[in-house]
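Residue numbers (this note's numbering), protein chains in the order written: chain U, 1 to 341; chain W, 1 to 341.
Rather than coming from a laboratory, the hints here were simulated on the basis of the structure.
Warning: the hint list may mix true and false statements.
Identical copies go unnamed one by one, so any copy, or any two together, can satisfy a pair.
[What the hints assert, rightly or not] Pairs of lysine to aspartate or glutamate residues, derived as EDC-like cross-links and limited to a Cα-Cα distance of at most 20 Å, are as follows:
1. 134 x 295
2. 157 x 264
3. 134 x 264
4. 281 x 295
5. 120 x 264
6. 339 x 264
7. 286 x 63
Because the structure is a prediction, the values reported are computed rather than measured.
There are 2 protein chains.
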Amino acid sequence: MIGLSSESSVSGIPFRKIVKLFLLSVLIAAAGFAPTAAAQERSGKYTIVIHGGAGTISESMPESVKAAYYASLKKALGIGREVLAGGGTSMQAVEKVLRYFETDPKFNAGIGAVFTSAGKHELDAAIMDGATLKCGAVAGVEHVAHPITLAKLVMEKTPHILLAYQGADAFAVKMGMKPVPNSYFDTPQRKSELEMWMKQIKSHDHGTVGCVCLDEYGNLAAGTSTGGLTGKLPGRIGDSPLVGDGTYANNQTCAVSGTGIGEEYMRNAVGFNINALMAYKGMSLKDAVHHIIHDVLKPGDGGVIAVDRKGDYAMDFNTTGMFRGVANSDGLFEIRIWKDK
Amino acid sequence: MIGLSSESSVSGIPFRKIVKLFLLSVLIAAAGFAPTAAAQERSGKYTIVIHGGAGTISESMPESVKAAYYASLKKALGIGREVLAGGGTSMQAVEKVLRYFETDPKFNAGIGAVFTSAGKHELDAAIMDGATLKCGAVAGVEHVAHPITLAKLVMEKTPHILLAYQGADAFAVKMGMKPVPNSYFDTPQRKSELEMWMKQIKSHDHGTVGCVCLDEYGNLAAGTSTGGLTGKLPGRIGDSPLVGDGTYANNQTCAVSGTGIGEEYMRNAVGFNINALMAYKGMSLKDAVHHIIHDVLKPGDGGVIAVDRKGDYAMDFNTTGMFRGVANSDGLFEIRIWKDK
């Protein structure tokens, strides 16, 4: 007789094991459906903050240049808002916004990346999912049109977080990405900035791009993409692709993307630091960001954008300006370069 | 008449300016002599902690192998203690200990580094000065016998913190380091570990090395050197060369070196996190380290060594063992591999 005692069996498999396998498969199925289930619980609330770099940005730039920057920021912010308003995730919005910036030659990411001291481009990017703390990053890629997407693939397809240089470019090919020549990233503006750097004339090499979001499912995400610093030594990795430095997201606290003198952001673990001030000291997002930008970093170092789980946001900097924007589900849609405009 | 009024002048230079210049030169001289002055104020108290990696370390290893490990740890600890006892700095001790480990084939740093999935060695190292928060790091170097020394040169000779891959190897040559062939790092043990990895047999690839010190001048320093993980993808950068992750030092709190699954150390910013728990939550060093190792990281992830400004230390791990040792100016000199031996 086949009963239900713990010693029963079907085809020689102990019943206890069958129950375990059944429970396990239920669990696996539940886990598999979890994102969909969560995707149905939309709060109707989202926030997106973007930046296009901080630095010495002259207010006397030609009106046409100003207008072009405002237009690009508006476009990028609109792209991200559309993803979030349509029920997309914060990770999707971050990736899509940064992919746009990587094609806009005005910003120091993808096309328009600055030149190294050797006259080439070495691109860095990172993305982090605040819900799971999963993250991916690439540094020093030379032939990848969209470093932010490659960073996401490192997260999804490898046991690693950070791949760099030739290994990262080779991984991109393995993932089916068509390599672009390094000159794909060239722009006349960055070329002239390198020439100025060679003459030891300080030029503006800002233009790192970043995006942080809270989506309708209560999940935070952060991403950053950059060409680094004009005249950087070949092989130099800055803060942008380093999770906890230029890029960080944690649903318990905040999502952060930084822009500025990368080494200062690394030394002070800016992204993780803002999270730690909130988690360990109970600071608000705005206070934590203010403390890091104005008390820990030095004037001229740069800025950060950040958003927390409630949708509160910060866009703070200790430079003359930061290309930035914020939008949310309450209808806010704001673009700024300098303090008040 | 030449008087001493504020309007007086010598050779046309206003007297006020001369006084200012004099005061400035006194300040510059004082700053220049500061390290020497500090170097004369020896407290007589120092602490050094070392590790040679954490992981699954079988207690049933042959007695001769055990003895060889104990001997190497004793030697490394002795080298560091000698530097500190002789009035050397924590930075000097860290570098010298790690240089020793980089020549010992039993450890996964320098000679004895593990193989990547492509059958090569890519070495990572970082060093950080807790007094100044200055730091330097290299990742993916293939021809540098002493990555820890190259990391220190990045700190001293460039405006950057992290140089990677070919750029880092080229910088080494520029610094006068004689390149070694990549096969310089080969050992039969690591070769067989790669072969096991290829057959998907889990082998022990532990052996990252680290050192943290408090010197007689009250300064903390930390350093870590590693070959990474057996079978890692080419281009993979782990936590060791990332300041705030596997390596961190800050005179206000602690010096930390980690060893384990690097990605988990990066995701949780282990080094900076221990510092933040102390600075922001007022935790003791031991409690902060315990919390990270046993509550934040998962069993099997790895271990850390740490020392604080008072000379208190921690050596904690969530694996079966961690090669480690501690010595201080009170005569402590202890070598351990497993919990109590």
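Evaluated hints:
no. : hint      : result
1   : 134 x 295 : between (30 Å within a copy, 18 Å between copies)
2   : 157 x 264 : between (31 Å within a copy, 16 Å between copies)
3   : 134 x 264 : between (24 Å within a copy, 10 Å between copies)
4   : 281 x 295 : both (16 Å within a copy, 19 Å between copies)
5   : 120 x 264 : neither (24 Å within a copy, 33 Å between copies)
6   : 339 x 264 : neither (22 Å within a copy, 39 Å between copies)
7   : 286 x 63  : neither (32 Å within a copy, 58 Å between copies)
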